[in-house]
Each structure stands twice: as C-alpha cells, then as structure tokens.
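Residue numbers (the working numbering): 67 to 814.
Check each hint, because a few of them may be wrong.
Lysine to any residue pairs mimicking SDA-like chemistry, simulated, CA-CA at most 20 angstroms apart [said to hold, decoys possible]: (1) K694 with D609; (2) K204 with V404; (3) K643 with A698; (4) K694 with M647; (5) K204 with G215; (6) K694 with T655; (7) K645 with N412; (8) K694 with V404; (9) K643 with G566; (10) K204 with N412; (11) K204 with A107; (12) K204 with P248; (13) K204 with T165; (14) K645 with D704; (15) K204 with E406; (16) K643 with D751; (17) K204 with S170; (18) K204 with T229; (19) K645 with E607; (20) K204 with S278; (21) K694 with D707; (22) K643 with D563; (23) K643 with V633; (24) K204 with C164; (25) K204 with G261; (26) K645 with S716; (27) K643 with N702; (28) K204 with E124; (29) K643 with D611.
Hints listed in this document are in silico derivations from the structure and should not be mistaken for laboratory results.
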Amino acid sequence: MEGTVGTIEKRASAGKWATVAVSALCAAWSAPLWAGTFDDAPVLGIDGDGYVFADPAEGILEPGIKAVTSEVNADYPNTFNPSGIENCLMANNPDFACTAEPGSGKRIKTRLTGRSGMDIRLSTQTSGGITEYFLYGKTSNLTGARVTGFEIELGTGSGDNFTPMDSSDPAYAALFDEDYNPRFNLPDGLFGSGGQEDAGTGFFDDARAQMSVAVGEVLLSANDLSNSSYQVLFGDAMLDDRMIPDAYFWDASATTLASDEPVLIAWYNTSSGTWLYGNLGVETPTEEGVVPLSDRLSALADSLGIDAAALGYSGGGDVIPDEVLAAMQANELFEVDVIEDLRNMNLNFIIDLGDVDGSAVTLRLTPVFPDIVAEAQSDYQFDVASNLDMAANVPYLDLGNSTTYQEAISSILALEPADQAEALERVGFSFLSAFKALGFELGRSQILAYGHASFNGDDEEPVLSSQGQPATWTMGDGLSGFVALNGTEASYDTTSDSIGYDIGISSLSAGIEQQLSGDASFGVMLGGVRGTADAYHGRGEIDADGISVSAFGRMGFGEGGLVQAIVGYQDLSFESKRKVMGQTANGETEGSQVFGALQGEWMFSQHGYAFGPTASLEFYDLSVASFKESGAGAWNLDVEDQSGTIHLASIGMRGEYLFAGGPNVTRLSGALTYNSAEGDDELVDSGFIGLPATALSVNGFDEEWTELSVGFATSLGVSGSVIQGGYIGSFGDEYESHALQLAVRMRF
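From just these sequences and the hints, can you work out the full model?
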C-alpha cells in the first residue's frame, strides 16, 4: 500500500495529496530498542489509501500528528470522557495541549481515500511501564462508497507486512484500554448538543448519531450507525464525500451571533426536491453563550431584509418559502456549499502503550463497506457497486427507484462470483473506453488515406508507392486527385476497467494535391467515416459516424529523404446501446477530434529496389460531450464529458520493388514497424440520472505492437491513372487490427 502525509487548503482540493518527506522523522534514534511512550513527533510514515490532514493556515503543521506526554506511565480512571487526561495523540498544533477546549481543532484528521484503509506508523521510547494516551481523531470518508463501520487495529509493520500486536504481555505491547468506552460519532453540530456552533442543538437532531464499538485488546470494531433521524434521512451508514447534500450557509459575523464561521441554515432534500430548514436553535438555552432561538431568527430575518414571521420557521424540517429562498439566492451573505461533517466521524479511544519491541507501533484504520461493495473485485466494480448501494440505501436521494435498486442488489448477491461480477459491471457503462478507441481508429483511417509518395531513385518517372496504404499519390507534375476506400477490423482486450470490444471501421476519402516544386506538394482531403464498437458478452455497442477534413504536404530532400505531414479535424456523432437488467439504455452525443502525423524516411535505390528506415509520430485528440441515456428507466446513466489524447510513435523498415514493362508500371511495397501508443487515463463522472455521480476510471490506450504492411500500385497505361491496394496488420498482446485498402488516382 502507498500513502502520503498531506496538506489540504480547501475542501475543493480535499482529494489532492501533498507529499511530505518523512525521512527527517526516520533519523537514527538514540533511544533503546524498548518503548513505552510516544515520541513528541511520532510519525514514521503513512501507508495505504489515506493521508493525514495538515494545513499551517489552520494551525495544523505537518505531518498532522503530535504526541503529548505529560505523565509517564499514567493510568487514568476515565471510562466515558477524556476529562483530566493530559497524555494524548492529537493534531500537530503547537498552541494546543490535550486539555484544549472542545471544538478547538485538536483532532487528528485522517482522510480515507480507498478500499484498503491506511496504516499510521508511530515511533516510541522506553518508559519501563505502561502509559495511557487518549486519541482525539476524526476521519473523513473519501473512499467513494458508504461506510458501514470501521476496524482499528494495533500492530507493527505495514501493508502486507502488518502484524497484529501480541497481547500476551501488556507490558511489552500497545493495546486498547478495555475499561474505556470508545465513542465513534458524527459531529455534535449535526447530531447532538450543537457542538461549537452555539445553537444549543444539533442541526438535524439533538441526539447523537454514533456507532456501536466492540472493544478488544488489539482491535476496535465499529458498526451500526444509529440515530432515528439520521436513518430516516441518510440511511444506516456513513456517507461518502460525493453523497453529502448541498446546504445554505449564512455569514452571521456582523450580527448578534458574532459567529466566526458560516452558520448552517438549510439543506436540499433531493428526494422531495425542496430546501428544508434544520434546527436553528433552542428558545431557552441551558448553556452559556447560546443565543436564544427568537434572537437568532430575528438576526436571520434582518440579514434577509424581511420580517421574522416571513421566514416560515417553526422547526427543523420546515420547507423554506419561495420568497425566502429567493432572498437567500440574491444575498451575498448566503452561499451554497456542502455539509462536510456528514462524511466525518469523530474517533475517541485510549491506547495503553507498553515497552514495545522495535520502537514503533502501527495504528491501522480500515473502512467496512456494504456487502455489494465489499464483493467488488476491481476498482471499476467498486465504483459501480457504490453507486448502486447509494441509490438503494440513502433515503434523501431516493427518486422513487430505491426498491428497484434494492431488489437488484439482492439478486446480484445471490449469484456465483463470476456471474455476480458480470451483472454488477453491466450496471455501469463498462465499455466507456470504446469512445476513445473509435476515435483512434476513425482518425487513423484518414492518416492512412492520404498515402505515401514513392522514392524515385534511378527511375525516370515517379510511381505511386503502395506500402499497404490506401493513398494514391506521387510527386508528379501539376494537379492530381484521388479516391481512397478503407475497411478496418480491430480487437481490444478486456482490462480491469473495461470489457473488451471489436471495432469495425469504414471510410471513403477524396482529395486533390498540387505540385509546388519538383520536390514538394500540398493537398487537401475530405472524408466520410463510420464505425461500430461491439462490446464482448453482448453488453452493448457504440456507433459513430462523421466528416473529416484535412490538409497535408510532402517534401523530398537529398538523395533519398522524404518528409510528409497531415493535420485534420473530424466532426463526429455517437449512438450507444447498453444492455442492463434486461433493458436497453440508449445514448446519443456529439464529439470532435483533431489528429495529425509527421512521417519521414530515407530510401536507398538499386536496380528497381528501394529500401530504408522509416519513422512516424501521430496524435489523436478526442472530445466527447456529455449525454443522458433513455429507455432503461431507473438504469439510465448520466455520463459527463470525456476527453483524451493518444500519441503513437513507430519506427521500422520499408521497401519497394518496381516492375516496368510496356505501358503499365507496377510497384510492390512492404514495411515492418514497431509501434508504441500512449493514451491519457481519465476519470469520467457517471451515475444514475438525477443522483450524484462517481468518477469512473477509464484507462488510456497504452499498447505496443508490430505492424506489417504490404501492397501494390499499378499505373493504367497512358491515362495517367493509378490503382492501388494493400493490407496493414497490427499485432499486439491486447490489441490487433487488420485493414484492407483500395485507391485510385488521376492526373488532371
């Protein structure tokens, strides 16, 4: 597993990791090899799917964790709260100690970013006894899926080398304090007493939303997120970052509330399509500093320029009147953001640290997922399963199809593993990469179509080169025109993120070329292209057609050199059919592509033979617009924009042989090249229509292959016309294609 210690400045960049060099923390320690206290700066490293938040602007310095040891070998009697505990693991804020006020920002903020969880390796020193530490933690769910629980383990090593702590002798181990009742809860500002928001009540409920925690010496197992209000609105698991709702926040800093943070006022319920108030306060506060509800409502109304009665507020869950909503939208003191704390879980527990062999302890944090998500065998399946699970089990996102999704989950889980994987993959768009593959093949048909000028060598008349290309051009005198027909069949193998597919391409191209000098020419070409990608296992297909325009030029140099180049543009239309749950989801969208190639060679000629090295560089830059499917009801997907570039390089040898006799001249040609393609990996947002999307990973086209081309070109007597045909075959481990081509050229 790999991980980083990161710095995050804003929520918008919460997925970006900032790497911290931990080598300075791994310097040789002078302490003995036995340990009983944490070092003040204990982080040795962080591995896996996660990182620790650090932001100097918020007072949290890298690497985000510090240990405070005020009393060596302390044994605290606490069983429910950290009151009076002065040894702790906390956020690395030099201004705070363990006894800092709640809400001061002393929690270690971990971010879980994937399926595997994360390992935090901490350095320790000897104490000759057992020292207790309270851990102030908060973890954020950025895994992509709902989390039903957590497992927190103590051990040594990391990744595949992680070993659970041996609990047989507590004096030489790091163990969880079984006398303390750990608490894993959502922040009190949403569910509970109101926390530091000073509202006197939680925004959604005044009761805590927390998990049940089973305490073992080396393992904490948390599950069953319970709170009736939470379950009615958000289900029975912790939401992922992409699943949390929008909300209105109010800048009340200039009011009697004097809040230094925006105040949460309302949230958007997708299921009902309405903006709802949350609990805005209590009329008779029992805590110091809490402003009574009536005063809070008056301040809110003043900020909106309306009477308090016009707010229409009687309690949490009330629908916001349209005129109030309009006033919020027009007022710069109010802005829409997301309720981050719905994907945050506070983690409170105690570690009893003895003299651990090796001077290091690993704290492993692993998320637990719903069954359908846990069954995923690849990242693609994980993303699709998380979307399906969300649509089935998050009430505020229910658009009337949750029962359909729940039944589908039950039916998929009842299948054998291979059938389960097939059914799950069909729920998503399992052949999105076929859009790029179609673009590549359609663009390449035009690069092949403009052809190749022959090396004249010792011949008196230049003759068209075939080289298996459909082009029909030599650098003769004046103006010439050509028509070229191409047909290609290609196969792309299945990858971890995409089912394989077969592609069929046809194109008809016509162009003219003007001789500029004895060694140079310039031309333009217009082409019509059409192609189909058929996904394996009958999962669906994508049809594409379009128009292509391009310009090209060639220039000979020296005794055998030739450089030619082409650049073009394609306007494309796509239609997709996707088989899902016995239905067909249909999609239509537009796309465009810019493509180009630079080709060069140096040929040697002797007695009708020409041969020499050849090389080329090609690029294909495709963009596909977003689209919404229809025809499959609850299974229709909303697929966002796609884009990507493929670069292709080739090098090899090419040869020609000339047959000259009578009025006709024939030239045979062939080439053998090594080809390497590299394409952009991409994240494409996709999800059920009307629901939050997930970013599906679409692998770029990265492949190497050998390409063989053979062909002929024959002049037709004194007419000056040339007919040409050829074959190009590409042979790689996961890619194969076969192209047949025919062309006719005429001089004017």
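Consistency of the hints with the structure:
1. K694 with D609: holds, 16 angstroms
2. K204 with V404: With Cα atoms ~18 angstroms apart, K204 and V404 stay inside 20 angstroms; holds.
3. K643 with A698: holds, 10 angstroms
4. K694 with M647: holds, 18 angstroms
5. K204 with G215: holds, 14 angstroms
6. K694 with T655: holds, 9 angstroms
7. K645 with N412: Status violated; Cα separation ~43 angstroms.
8. K694 with V404: The given pair, whose Cα atoms are some 25 angstroms apart, is violated under the 20 angstroms limit.
9. K643 with G566: Distance of about 15 angstroms is within 20 angstroms: holds.
10. K204 with N412: holds, 4 angstroms
11. K204 with A107: Measuring from Cα to Cα gives roughly 19 angstroms; hence the hint holds.
12. K204 with P248: Given pair K204, P248 holds - Cα atoms ~13 angstroms apart, limit 20 angstroms.
13. K204 with T165: holds, 17 angstroms
14. K645 with D704: The given pair, whose Cα atoms are some 15 angstroms apart, holds under the 20 angstroms limit.
15. K204 with E406: Satisfied, since the Cα-Cα distance of roughly 12 angstroms is no more than 20 angstroms.
16. K643 with D751: Since the Cα atoms of K643 and D751 sit roughly 18 angstroms apart, the hinted pair holds (cutoff 20 angstroms).
17. K204 with S170: holds, 13 angstroms
18. K204 with T229: Violated - the C-alpha atoms of T229 and K204 are around 24 angstroms apart, more than 20 angstroms.
19. K645 with E607: holds, 9 angstroms
20. K204 with S278: holds, 16 angstroms
21. K694 with D707: holds, 11 angstroms
22. K643 with D563: holds, 19 angstroms
23. K643 with V633: Judged against 20 angstroms, a Cα distance of about 32 angstroms means the pair is violated.
24. K204 with C164: holds, 15 angstroms
25. K204 with G261: holds, 15 angstroms
26. K645 with S716: Given that 20 angstroms is the threshold and the Cα spacing comes to 37 angstroms, the pair is violated.
27. K643 with N702: Since the Cα atoms of K643 and N702 sit roughly 11 angstroms apart, the hinted pair holds (cutoff 20 angstroms).
28. K204 with E124: holds, 16 angstroms
29. K643 with D611: With Cα atoms ~15 angstroms apart, K643 and D611 stay inside 20 angstroms; holds.
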